Amino acid sequence: MALEAVPAWLAEREMTAKATLVSGTGEPMTDIRNAVAQLQIIVNDITGAEHDPVLHPKLKAIAKNSLPLFVKAMNVSLTKELPEDTEKFYAAAAECMKNCINSSHGQGRYLQAIFPEEMKGVRKGIDAIGHGINTINPLLSAYRKEMADVAAVRALCDAIADLKTDFGRSEKKVERILARITEITERSAAIEKEHEAVLHDPRMKEIDEQKAALLILSQKRDEAARTYSTLSMTASHVFRKAEKIATRQHHPTEIAVLHPAMEILSDHDLPDRDRLNEVLTAACPVAERMIASGEILLKNKEERSIFSDTPRFRSDICTACMALRTHEAAVQQAEDTLSSHPLLMKQNSLEREKTQLKTMLTKEKLTLNELEEWRSKTERRIPELVEELRKKIAIMSGDNVQLQMIDQTPS
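So for the sequence shown, our numbering puts the first residue at 1259; every next one is plus one.
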């Protein structure tokens, strides 16, 4: 059998199974309908029947109470529609029989002595329904098994077809990935050549000179930063001691001049020179008074150097502040000039593109490896599924079957 012929074979099996079910269950379904109709007649007869006049009054009372409940319960079950579809019919008939049995064993048991013949007819009617159901049961079981087998085989066929389709598409994916890898590789090689040309460009001398000049400016800036940092940190440390003493002594005026000095010296941004000189002019006398009174002990030569001559300190730190600001501006300008050089801009652009291409190439190769692994597994998986399909069809047909693919390749 050709693999491509399996769907049509399955459709034929479904039609045959359905026809067999309909043919085999037609008579028992009719018997069940007749039994239900007969039960309805019996229940209606019981409703209109007169009680035995010689019946014990106690039994009459029981019958009077039980009869309406029995009739109501039976009619609820017997008036429900029995569908034409065999499977739905079977479920409805089984439900009807169960409810009738429950009604017969419930309120119906009190009616046995009063309506013996009628209740005997009820039991026969229920037995007739049960006989019909028992006749349908093996036919329906066989049909359901056949449908389950058909569904399993069809699912295998669909899985094989899907894998073959995906395998075919994957070949195109491989081609596209290889094309992208080639494109990336070629562009990377071109970048290497462009980069080499940049390195040998005469203008590289300008860049080297600008870098050397930037290095010198950066060194001067760093030296100015160290000078300013040393002065500001040393003075700030002493002012902090002074503020603590002023706080303990409850001198708000002194605190008011010490705190701004500490803030301006600790700020990451460079202060305005005039403002710096102003706050230090106010704060230094307070610290000097505490040093002179012995409230503050200077611990190192840097502190002693600053507070032995505060006018000179203010001049030095203001000069250091201005020098640092000047050097920072010079460094920034040199960096801007260097970064805007056309040759360097091109070099940086090539480096960025090179990095991006490297990332892209890694991703494409990873995708390719994953896809090739999937294709390898799929090439093995399709024959395995075909063999599984062959075994299922052989079991269903009761004969040894050979499956052949018209298209021998997975694609």
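Wrong hints could be hidden among the right ones.
Claimed, not checked - In silico DSS-like pairs for lysine-lysine, Cα to Cα no more than 30 Å straight-line:
#1 Lys1499 with Lys1422
#2 Lys1346 with Lys1276
#3 Lys1378 with Lys1356
Quick caveat, the hints were computed from the structure, so don't treat them as lab data. The structure displayed is predicted, hence computed values, not measured ones.
Consistency of the hints with the structure:
1. Restraint check for Lys1499 and Lys1422: the C-alpha separation of about 83 Å exceeds 30 Å, so the hint is violated.
2. The straight-line distance between the Cα atoms of Lys1346 and Lys1276 is roughly 14 Å, inside the 30 Å bound, and the hint therefore holds.
3. Distance check on the hinted pair: Lys1378 and Lys1356 sit about 17 Å apart at the alpha-carbon level, within 30 Å; holds.
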